[in-house]
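Enquirer: In order, the protein sequences belong to chains A and B. Under the numbering used here, read the first sequence as residues 12 to 98, first letter to last. Under the numbering used here, read the second sequence as residues 7 to 206, first letter to last.
Calculated directly from the structure, the hints in this document are not laboratory data. Any given hint could turn out to be false.
Residues from chain A that keep clear of chain B, each with C-beta distances beyond 10 Å, as calculated [what the hints assert, rightly or not]:
no., residue
1, E23
2, G31
3, G34
4, L37
5, R43
6, A46
7, V70
With a straight-line Cα cutoff of 20 Å, these simulated SDA-like cross-link-like pairs (lysine to any residue) come out [unchecked claim]:
no., chain 1, residue 1, chain 2, residue 2
8, A, K71, B, F119
9, A, K59, A, R79
10, A, K93, B, R25
11, A, K59, A, D77
12, A, K71, B, R200
13, A, K71, B, T37
14, A, K60, B, T37
15, A, K94, B, G161
16, A, K71, B, A135
17, A, K71, B, L90
18, A, K60, B, I93
19, A, K60, B, A29
20, B, K63, B, G73
21, A, K60, B, L116
22, B, K63, A, D89
23, A, K59, B, A29
24, A, K59, B, R25
25, B, K141, B, K63
26, A, K60, A, C48
27, B, K63, A, L86
28, A, K60, B, G73
29, A, K59, B, P126
30, B, K141, B, E14
31, A, K60, B, T117
32, A, K71, B, S133
33, A, K60, B, R25
34, A, K59, B, D140
35, A, K60, B, L90
36, A, K93, A, V70
37, A, K60, B, D121
38, B, K97, B, H144
39, A, K93, B, A29
40, A, K59, B, C124
These numbers were taken from a predicted model, which means no experiment stands behind them. Every residue gets a Cβ at the ideal spot worked out from N, C-alpha and C, and that includes glycine.
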Amino acid sequence: MKEDINCGAFLESISDYVDGISGDALCKEIERHMADCEDCRVVVDTLKKTIYLYHETSVKTTIPIDVRERLFHRLDLDDFIKKETLP
Amino acid sequence: MSEESLQEFSLQLLRSGNRAEIARLVDAHSTKIYRLALKMLANPQDAEDVLQNTFLKAMQALPSFEGRSSLSTWLYRIAANEALMTIRRQKPEVEITLQGNDEYDEELPLTQFADWCCLPEAELMSSEAKRHLDKAIHQLPEKLRMVFILRDIEGLSIYETSEALDLTETAVKTRLLRARLKLRESLSVYYGERLDTEKI
């Protein structure tokens with residue numbers, strides 16, 4: 012990482028940048044910095060990938076059928092266990 | 007939230023205890039609540055207990071639900087508190103509060119610069135890699151883990167996360183940045199080693 016103040020400021024803004032909510036001016040500044048600083052570019056790319064991997068591997072988790080059945084039973088909703096309640 | 011806008015519920019029916027409407031609400035949100043609990047606690051039985059307690063408490067509180075936040079955010083709030091109560095019971099020696107000071111003395115974690123993005127998807131998402139992802143997230147302090155799960159796994163906005171956890175948006179952003187960077191460090195060590203193996 013290049014030893015200049017931009018790397019520190021860059022790190023503080025990195026979340027907003029990967030979320031696409033930094034303003035246009037800051038966004039351009041960050042991209043200019045990344046063009047010159049390979050380490051910061053890698054940090055952004057691997058951070059985006061980190062978020063992507065957690066999201067992708069987690070959203071496939073759904074409630075197991077037996078867990079849903081016990082939940083409906085506990086809530087006294089047994090008569091809805093077999094029904095499709097959602098479209 | 008987009009899922010909720012597609013899935014509208016009658017507050018009037020829910021407040022009056024309409025069982026069919028409550029069953030619809032449970033089906034629309036049970037997977038998300040179960041996933042949050044499982045990611046927080048890493049134990050399917052504990053996650054199931056949190057899931058059941060969340061909906062039991064929600065059903066009791068529905069008649070007085072005022073609708074100031076969305077139903078989804080409100081359920082996440084109940085579930086987050088249930089999950090933290092479970093952790094407190096298991097680790098009474100550790101003081102865990104969602105609120106509280108966010109003064110971090112240590113520097114932002116940044117020591118790994120391996121560019122592992124180019125690894126094949128099959129390697130990035132192998133069973134072993136998934137175990138490392140789970141291990142890394144469970145090494146996060148609870149209050150960072152909770153923010154990361156709600157924002158980056160469940161996809162809540164910063165505002166919705168702040169509502170669910172009764173935090174300021176600034177506190178959410180601070181915790182999110184730390185959680186993301188800590189996870190990136192841990193994954194960079196793991197995948198960096200695979201990158202080195204590929205080069206040999």
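Enquirer: Indicate, hint by hint, whether the structure satisfies it.
Expert: Now for the hints, and whether the structure bears them out:
1. For A:E23, the non-interface assignment is contradicted: its Cβ lies about 7 Å from the closest Cβ of chain B, within the 10 Å cut-off.
2. Distance check for A:G31 against chain B: the nearest CB is about 12 Å away, which clears 10 Å, and the non-interface claim stands.
3. At roughly 15 Å, the least C-beta separation between A:G34 and chain B is larger than 10 Å, which holds for a residue marked as non-interface.
4. With a least beta-carbon separation of about 14 Å from chain B, A:L37 lies farther than 10 Å from that chain, consistent with its non-interface assignment.
5. Residue-level check passed: A:R43 sits 20 Å from the nearest beta carbon of chain B, beyond 10 Å.
6. Interface exclusion of A:A46 from chain B stands, the closest Cβ pair being 16 Å apart, more than 10 Å.
7. Here A:V70 does not stay apart from chain B, with its beta-carbon only about 7 Å from theirs, under the 10 Å limit.
8. Using a Cα cut-off of 20 Å, the hinted pair A:K71 and B:F119 is violated, with the two alpha carbons roughly 29 Å apart.
9. For the proposed pair A:K59 and A:R79, the alpha carbon gap of about 33 Å is over 20 Å, so the pair is violated.
10. Taking the CA atoms of A:K93 and B:R25, the gap is about 14 Å. The hint holds against a cut of 20 Å.
11. For the proposed pair A:K59 and A:D77, the alpha carbon gap of about 35 Å is over 20 Å, so the pair is violated.
12. Note on A:K71 and B:R200: the hinted pairing is violated, with a Cα-Cα distance of about 25 Å set against a maximum of 20 Å.
13. A C-alpha spacing of about 10 Å is found between A:K71 and B:T37, which places the hinted pair at or below 20 Å, so the restraint holds.
14. For the suggested pair A:K60 and B:T37, the alpha carbons sit about 24 Å apart, so the restraint of at most 20 Å is broken.
15. A distance of roughly 28 Å separates the Cα atoms of A:K94 and B:G161; the hinted pair therefore is violated under the 20 Å criterion.
16. Annotation: proposed proximity of A:K71 to B:A135 holds, straight-line Cα distance about 16 Å (limit 20 Å).
17. Simply put, A:K71 and B:L90 have alpha-carbon atoms about 24 Å apart, too far for the 20 Å limit, and the pair is violated.
18. A C-alpha spacing of about 29 Å is found between A:K60 and B:I93, which places the hinted pair above 20 Å, so the restraint is violated.
19. A hinted pair counts as satisfied when its Cα atoms are at most 20 Å apart, and A:K60 with B:A29 does not qualify at roughly 37 Å.
20. Distance check on the hinted pair: B:K63 and B:G73 sit about 16 Å apart at the alpha-carbon level, within 20 Å; holds.
21. A distance of roughly 16 Å separates the Cα atoms of A:K60 and B:L116; the hinted pair therefore holds under the 20 Å criterion.
22. Between B:K63 and A:D89, the direct Cα distance comes to roughly 18 Å. Compliance with the 20 Å bound is thereby established for this hinted pair.
23. Using a Cα cut-off of 20 Å, the hinted pair A:K59 and B:A29 is violated, with the two alpha carbons roughly 37 Å apart.
24. With a C-alpha separation of about 42 Å, the suggested pairing of A:K59 with B:R25 is violated against the 20 Å cut-off.
25. Under the criterion of a C-alpha separation no larger than 20 Å, the hint pairing B:K141 with B:K63 is inconsistent with the structure, at around 31 Å.
26. Between A:K60 and A:C48 the alpha-carbon distance is near 19 Å, which keeps this suggested pair within the 20 Å criterion.
27. Using a Cα cut-off of 20 Å, the hinted pair B:K63 and A:L86 holds, with the two alpha carbons roughly 10 Å apart.
28. A threshold of 20 Å between alpha carbons decides the hint, and for A:K60 with B:G73 the separation of about 36 Å lies outside it, so the pair is violated.
29. With a C-alpha separation of about 16 Å, the suggested pair A:K59 and B:P126 falls inside the 20 Å cut-off, and the hint holds.
30. Simply put, B:K141 and B:E14 have alpha-carbon atoms about 37 Å apart, too far for the 20 Å limit, and the pair is violated.
31. Restraint check for A:K60 and B:T117: the C-alpha separation of about 17 Å stays at or below 20 Å, so the hint holds.
32. With a CA separation close to 14 Å, the supplied pair A:K71 and B:S133 stays within the 20 Å bound.
33. Distance restraint check for A:K60 and B:R25: the Cα-Cα separation of roughly 42 Å exceeds the 20 Å cut-off, and the hinted pair is therefore not satisfied.
34. Annotation: proposed proximity of A:K59 to B:D140 holds, straight-line Cα distance about 18 Å (limit 20 Å).
35. Taking the CA atoms of A:K60 and B:L90, the gap is near 28 Å; set against the 20 Å cutoff, the hint is violated.
36. Pair hint A:K93 plus A:V70 does not hold up; C-alpha atoms about 24 Å apart against a cutoff of 20 Å.
37. As the CA atoms of A:K60 and B:D121 are separated by approximately 10 Å, the hinted pair is consistent with the 20 Å bound.
38. For a cut-off of 20 Å, the pair hint linking B:K97 to B:H144 stands: about 14 Å separates their Cα positions.
39. With a C-alpha separation of about 11 Å, the suggested pair A:K93 and B:A29 falls inside the 20 Å cut-off, and the hint holds.
40. As the CA atoms of A:K59 and B:C124 are separated by approximately 13 Å, the hinted pair is consistent with the 20 Å bound.
Comparing the model with each earlier hint shows violations of hints 1, 7, 8, 9, 11, 12, 14, 15, 17, 18, 19, 23, 24, 25, 28, 30, 33, 35, 36; every other hint is respected.
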